[in-house]
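Q: Residue-level listing of the chains:
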Amino acid sequence: MPSWPEKPRLIGKSIPRIDGLAKASGKIKYPSDMRPEGTLFGVMLYSPHPHAKVTSIDTAAAEKMPGVKGVVVIAKAGATLRYHGDDIAGVAAETEEQARDAVRAIKVDYEILPHVVTEEDAVKPDAPKIVPSGNARKGRAQTTGDPEAAFKEADAVVEAEYSAPVITHVCLEPHGLTARWDRDDAITAWASTQAVGATAGELAGRFSIPVTNVTVLTEVMGGGFGSKFGADVWGLTAAELSKKAGGRPVKMFLDRIQEHLAGGNRPSAAGKVKIAGKKDGTVTAVVATTSGTGGARGGSNFPFPYVYAIKNVSREHTEIFVNGGGARAMRAPGHPQGCLIMEAAMDDLADKLGIDPLEMRLKNLNDGDKVVDANGKPTISRAGIYREQVPIGAKLIGWENRKPRGQNGKGPIKRGYGMALHQWGGGGTAVNKVTCTISPDGSVELKTATQDIGTGARTILAIIAAEILGLEVKDVISNIGNSTFPPGQGSGGSTTSPSMAPPAFNAVSKARDEFLARVGKAINEEPADLTLQDGKLDVKGKAVMSWKDACRKLGMMGVSVTEGFAEGLASGGVAGCQFADVTVDIETGVVKLNKIVAVQDSGLILDMLTWRSQVYGGVIGGLNYGLFEERVMDPGSGLMLNPDMELYKLAGLSDIPEIVVHAHDTPEMRARGVIGVGEPPTISTAAAIGNAVTNAVGVRVNKFPMSPMNVLNALNAASNKEGKA
Amino acid sequence: MADPDNDLPPSELPIAHEAPCRHLRHKGMYVYTDGISGESHQDYDNTIYWCLTTMKSFGPDDDMVDGPGCRNPGRTCYEAI
Numbered sequence: 001m002p003s004w005p006e007k008p009r010l011i012g013k014s015i016p017r018i019d020g021l022a023k024a025s026g027k028i029k030y031p032s033d034m035r036p037e038g039t040l041f042g043v044m045l046y047s048p049h050p051h052a053k054v055t056s057i058d059t060a061a062a063e064k065m066p067g068v069k070g071v072v073v074i075a076k077a078g079a080t081l082r083y084h085g086d087d088i089a090g091v092a093a094e095t096e097e098q099a100r101d102a103v104r105a106i107k108v109d110y111e112i113l114p115h116v117v118t119e120e121d122a123v124k125p126d127a128p129k130i131v132p133s134g135n136a137r138k139g140r141a142q143t144t145g146d147p148e149a150a151f152k153e154a155d156a157v158v159e160a161e162y163s164a165p166v167i168t169h170v171c172l173e174p175h176g177l178t179a180r181w182d183r184d185d186a187i188t189a190w191a192s193t194q195a196v197g198a199t200a201g202e203l204a205g206r207f208s209i210p211v212t213n214v215t216v217l218t219e220v221m222g223g224g225f226g227s228k229f230g231a232d233v234w235g236l237t238a239a240e241l242s243k244k245a246g247g248r249p250v251k252m253f254l255d256r257i258q259e260h261l262a263g264g265n266r267p268s269a270a271g272k273v274k275i276a277g278k279k280d281g282t283v284t285a286v287v288a289t290t291s292g293t294g295g296a297r298g299g300s301n302f303p304f305p306y307v308y309a310i311k312n313v314s315r316e317h318t319e320i321f322v323n324g325g326g327a328r329a330m331r332a333p334g335h336p337q338g339c340l341i342m343e344a345a346m347d348d349l350a351d352k353l354g355i356d357p358l359e360m361r362l363k364n365l366n367d368g369d370k371v372v373d374a375n376g377k378p379t380i381s382r383a384g385i386y387r388e389q390v391p392i393g394a395k396l397i398g399w400e401n402r403k404p405r406g407q408n409g410k411g412p413i414k415r416g417y418g419m420a421l422h423q424w425g426g427g428g429t430a431v432n433k434v435t436c437t438i439s440p441d442g443s444v445e446l447k448t449a450t451q452d453i454g455t456g457a458r459t460i461l462a463i464i465a466a467e468i469l470g471l472e473v474k475d476v477i478s479n480i481g482n483s484t485f486p487p488g489q490g491s492g493g494s495t496t497s498p499s500m501a502p503p504a505f506n507a508v509s510k511a512r513d514e515f516l517a518r519v520g521k522a523i524n525e526e527p528a529d530l531t532l533q534d535g536k537l538d539v540k541g542k543a544v545m546s547w548k549d550a551c552r553k554l555g556m557m558g559v560s561v562t563e564g565f566a567e568g569l570a571s572g573g574v575a576g577c578q579f580a581d582v583t584v585d586i587e588t589g590v591v592k593l594n595k596i597v598a599v600q601d602s603g604l605i606l607d608m609l610t611w612r613s614q615v616y617g618g619v620i621g622g623l624n625y626g627l628f629e630e631r632v633m634d635p636g637s638g639l640m641l642n643p644d645m646e647l648y649k650l651a652g653l654s655d656i657p658e659i660v661v662h663a664h665d666t667p668e669m670r671a672r673g674v675i676g677v678g679e680p681p682t683i684s685t686a687a688a689i690g691n692a693v694t695n696a697v698g699v700r701v702n703k704f705p706m707s708p709m710n711v712l713n714a715l716n717a718a719s720n721k722e723g724k725a
Numbered sequence: 726m727a728d729p730d731n732d733l734p735p736s737e738l739p740i741a742h743e744a745p746c747r748h749l750r751h752k753g754m755y756v757y758t759d760g761i762s763g764e765s766h767q768d769y770d771n772t773i774y775w776c777l778t779t780m781k782s783f784g785p786d787d788d789m790v791d792g793p794g795c796r797n798p799g800r801t802c803y804e805a806i
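First to last, the sequence lines map onto chains Z and D. Every letter in the first sequence is one number past the one before it in the working numbering, and letter 124, counting from 1, is 124. One gets the working numbering by counting positions in the second sequence from 1 and adding 725 to each.
Worth flagging that the hints you see were computed from the coordinates, not collected in a lab. C-beta: ideal position from N, C-alpha, C; glycine also. There could be a bad hint or two in this list.
To be verified - One side of the interface only, derived from the structure: several residues of chain D facing chain Z at Cβ under 7 Å:
#, residue
1, 743
2, 752
3, 768
4, 771
5, 773
6, 776
7, 786
8, 788
9, 789
10, 802
To be verified - A few chain D residues facing chain Z, derived, Cβ under 7 Å:
#, residue
11, 756
12, 769
13, 780
14, 791
15, 804
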């Protein structure tokens, strides 16, 4: 079974991403920057109504507009539109302005249907039906033990409601692609996608052409976070428009408004929770009725209970359908929602029991939860990993400064601390291939049809090759983002690194072996006596020639090896914990983040710099969820009120606190092989912030985000309850 | 009209055994390269589906795209793999 080097020269070090300078300088082109010769500009017409039927659509005037080269109708007469932003038609024209003018000239008659955009209204008996079977769909029921009996024997019981709103995807680069018909059975597309192969497959399928005739290119891309898989309706529309325009490229990227309306979102989550425990901190029972909406789409369920071992559980989830843009996977789908509800309930129970919530968490870890070792055997206790991580995080945040809830001084400025635990699966898939080519001129290239979605995938492949061949990272060309290359991993679920590192390792190792065999023959040396290091070929440990000179010994033909996955180089299953230190002004409700600590394991870390970058990014995404983000729907009009970058709140530079990232990088973790880190570090940030705010202000702020409104409402509700209003 | 399946207690929801429609997609198919199963976990299922024909969460028959529904050969738009 192959294994990673015991004493690596490059792996695990902090190595700048190889395309960093090109990205920062603007030299490299993102898909939305691409303007192939003859490019037409595509614009989508979308529904101005939350719920309507198209009774007629007339494109004649639009087609006669100056510069217009094609119009494609998506929602024909009779089609139902289910949300503000639903797709109706697409136009391609010589300029973007001409395309927008033509979109405005499309005449659509609608039958306006009654709408419903809030979960509360959607489940009323007289609510308009979004789905023929009804607006509520129950999930699988979970029942373990006897919660009612446990409640009777408990020392403390907490009943509470917690909720978080829908938040929308806000990728820096919008969704879309530029499509060009190269001939009557071949397409090239420059796509902002997390899966070049999948996008090629969907384009080929729609037009019934061989997938081998479709080339999808994603050299770099500006973020997807789970929302960019496949060609999408706008991508297919671009390709259809290109066909209408005689093959001229059509650039179809959503604008920022459409991004919020149609680019996907994380479903809302709400839970009525009853949780009980003993004086010693043992959580004995939890009963939860949860719900959420993914708009006119499913996907709102989430893991609950989360992380902890609780013997008596009853949980029922209801998916609710509303006239809102549909959910798409968003970084760790379901986990942030489950985490923030579970961790709020844990903190509230600890407060009622008078126990340090940190100690209560450690007491209720699931010792039966095992993650796999390097051999794929579930032998490593995730609870054990938490027990190592939590004290580290506590020390880094200064947990000893935390005071019990409500004991943070008499002035209006309160300081609080909170924490939360999370977990994720990840792991690699075994179907991918990497080709390693060593050429007589000394160049080394890795090729595979995966893509770098900003995580550093391109860089880690080059690190692996450089490590094995004794070269520097700059000496390796990491050629990815092309669907015609050997099959590569779609980038989702934190699977890219654990899926692509093993085939890269195998391909480069076998290419090296073949290289040494051929060079050894050429210089009359035994291949077993040859090694590669410091850019040189060594014979019996003594450098005899440079890498380039050695490559010339190959003659006219280079070495090219394509290899796949191997067991023992990657695994899955991680733990992690985060801590937040906040200051809250209880007169204004404004929350200021002072510090966030993220402790994270993820097996063998290939590049510490890009690994840390991912954790920082995850925390920043999580603090946006915790403090700012919320899709605001108007019940009256059914429209989204904040589909822009002004009213849809995100953190600015001054909102970002000190973020301390601690890699739980131990020999035991390294031995597990490569594990992805995309999702885990974003899961528990919001939960930790919510608990810190609650610790600061002394009452549970049970609605996310921790906005001034929600903080003041919680304080006001508590004040009213105590008769102080 | 009441949907008899949806009115059942959650633990009694039917389990679909038919092969899914060939136009059914979810992210996991492009990540875990599994053409059949959803992203269902032991205790919860939050798979987000779409239809390749409409590229939306509703199929050509104007009904919802999902794991059980798109294994129903009775749907007018169903096409076996």
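Q: Against each hint, give a clear statement of whether it holds in the structure.
A: Structure-based check of all given hints:
{"no.": "1", "hint": "743", "verdict": "violated (18 Å)"}
{"no.": "2", "hint": "752", "verdict": "holds (5 Å)"}
{"no.": "3", "hint": "768", "verdict": "holds (5 Å)"}
{"no.": "4", "hint": "771", "verdict": "holds (4 Å)"}
{"no.": "5", "hint": "773", "verdict": "holds (4 Å)"}
{"no.": "6", "hint": "776", "verdict": "violated (11 Å)"}
{"no.": "7", "hint": "786", "verdict": "violated (9 Å)"}
{"no.": "8", "hint": "788", "verdict": "holds (6 Å)"}
{"no.": "9", "hint": "789", "verdict": "holds (5 Å)"}
{"no.": "10", "hint": "802", "verdict": "violated (14 Å)"}
{"no.": "11", "hint": "756", "verdict": "holds (4 Å)"}
{"no.": "12", "hint": "769", "verdict": "holds (4 Å)"}
{"no.": "13", "hint": "780", "verdict": "holds (4 Å)"}
{"no.": "14", "hint": "791", "verdict": "holds (6 Å)"}
{"no.": "15", "hint": "804", "verdict": "violated (12 Å)"}
Of the hints listed earlier, those the structure fails to meet are numbers 1, 6, 7, 10 and 15, in rising order.
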